[in-house]
Amino acid sequence: MIVRPTTKLIEVGLFNYCVMKLCKSTTVLIFLFPFLSFSQYDENRVSELINKGSESELVMESSIMIQEGYLYQAGQLVDKLLQMNPASSNYNYRRGFIYFEMSTDFVKAMPYLEKAVLKTDKKYDPFNTKELAAPVDAFFELGKCYHAAGNINKAEEFYNKFLESSIAKSNNVFFAKLYLEQCKVARTEFASPKNVYLKNIGSAVNTENPEFSPVISLDGSALYYTSRRKWANGASDKGLDSRYNLYPEDIYVSYRDFDSTWMQPVKLEFCDPLQNEATLAVSPDERRVYVYQDTKGNGDIFYSDFSTNKFQKVTHLDDKKINTNDWETHVTVSPDGQMLYFVSNRKGGMGGRDIYYCLKQKDSTWGNPVNAGPNINGPMDDESPFVSIDNGTLYFSSNGNKSMGGFDIFMSKLDSKGQWGPAMNLGSPINSTCDDLFYTTTTDGLTGYLTSIRVDGKGEKDIYEIKNNYLGVKNIAVFKGQINVIGGKPLPDDVYVNLKCVDCQNPYDRKLFPRIRDGVLMNSLEPCKEYEITFSYEKNGKKNFYSEKFKTDCTKEYSEVYREFWLDIDKQMIVKPYYIVGTITDSKTNAKLAGVSINLINKKTGEKLYQLPTNTAGSYKTDTLGGMKKGDNVEFALTLEKTGYITMTYDVPMTLGDNSEIRIDRSLAKNEAGTDIGLNVNPIYFDYNKWDIRPDAAKELDKIVEIMKKNPNIKIELGSHTDSRGKDDYNIKLSDQRAKASARYIVSKGIAAGRITGKGYGETKLKVSDEQINNMPKWDEKEKGHQLNRRTEFIIVK
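In the UniProt record's numbering, the protein residues as written are 1 to 798.
Once the Cα atoms are required to be at most 30 angstroms apart in a straight line, the calculated DSS-like pairs of lysine-lysine come out as:
1. K603 with K703
2. K630 with K603
3. K576 with K621
4. K529 with K413
5. K604 with K571
6. K402 with K467
7. K267 with K467
8. K630 with K480
9. K108 with K130
10. K122 with K108
11. K161 with K115
12. K417 with K362
13. K267 with K230
14. K267 with K458
15. K629 with K571
Rather than coming from a laboratory, the hints here were simulated on the basis of the structure.
Use the sequences and the hints to build the structure in full.
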């Protein structure tokens, strides 16, 4: 669907004089030129004309082609005519006219029209093979080119030259006067540009083909749009529109990546390679896409619903109050689902195409259409309505006398009486002097997307992103929830929530479905109110299986309420989300360590949960841990790695409780001589007077084995120590036997013998002196002192 002014069809009829002449002599033309029926033209016929046709034939054939709207083929013939006579004002006019009318390419059209205006004739006859002049419409067309390029002075000059030279009956007289009014608007807007940042959104979306009619998801994560690009498998080749050399319109969606770039688009499943389908609107839950199709010659509104993991075949919107025998080009539904806006050229309107709205009835049908009124609709065309998240801000496009040129984007606010207020032109640089259409925004109103024709475009029409600081919505809160499914299972399509306002002046209970692709659901809220959200299954499950209440902030600014939920499908319940936080420090200095690589594993399942670094403050925080709920006995393995430090793995068993935050703080020892790598090793015990490795000791020694495997360059001394009780020589001998037995065990697990030595120190290196122990008042304190002396150390020696 390429939206053009209603009157564009008159202009595409080549020239007004030509239209009048043909209307008066249609019978004669058919009689004299029966071979001119365009259905007989194909690529071979056009090639034959280019290669063998006389100048007279080329003039006649190109005139007929232009009359019938086959501008691409006409352009090929005109190129041949220009080879024959490059200076002909007639031929230069045709070429410039075709470039501008076919693709609004004012850059290419301008030099041809500059040559065309050098010689004009009011009595211009496009079918006269000896005609060398251009029609006075050349001034008008050149004025449009300068207008589109933003050269207002030149545009006014040539519009005025056209008015001075044209016959009064020319249809273009009306438009020249209109465009002069638009030039005044443009001059005013150019003098006071708005503070916005506008950019072409890039080659992932925009191509050398037309891309238009963008619809951004509420959170800005998905962009639905229309493109006329070739299908990779060639299926669209037969659908090529020979009039404009364009492929059929198809609908694509592109998703925003984590780095905010747009990913490669995906074509929606219902697209037909031979049929036009254009985006109109997308529901907040992205389960319905509204589509424009013209299957009967009048253009109607269709829709496609998302089910069984894809968009289904498009369905005609079966409402005779909306779809009629007239032309319906656009539709949108307010975010609260209570109002439908559409565009139609039906009788009784205020101009060409008008914007209408319908209210949702109690039985969920749409009420009778109401014209949006004179503040919205003017005597020209009004198009592409979009309602922001507050349900009270309407964006639309109009090509009337308040536009800078072509279609401009306007904004209107709903007043206290439910009427749309005076519309405001969004100004430059949001609007240009070319067509600017299909404006949609994210929830905060500060980021918008539109279709425009600009010099930096990649194709005829491109999609642009706009960042602004003055169109933000006020006095509104937005609920953004996300439903995650435990175990990574697909989200059931019948899960929904009821969002109820407890203390609103007009309480409501709204049914919301989450997006299937990511479980996100969004809705507008009133500030300073209490809400209750309740979860249910629509078809095959529990009703009201979870609920919670929350309050919105009491602010007049835009605010958001974010909630994340974890759904256990098997138990049909919402479970508590858990996440892990912590700080990693140096074991000696307690300095916080930045850049520590953390690998987190669920030891029971073997699932790799997260890999992340500590920040500059030595801290880390995971996202939500899925598949866990209160009362679960879990065990995490936390592996810490940093250059210059011993790589360590800590096992952390626990039972999940009420606190969502799981704190795991740990330390790392430097990889240097004298460091004890046994920080994570529990005491190693031996039976009395023995040095056999007990099972509990083996478990601890296995930790040393793991550390040495992860740090293959270190060599250690395993030192065994006793307390001071017993004879010195006995303690030395026993500790040495225990140390060597422990070292042999470690070697048996695959560690090279040269990397570890065992040595017994007996009571020669007490941590707690006998004097300190003797001064302890209680027996159990004395025993703890002796226990600290009975230890095994794993000291790096190299």
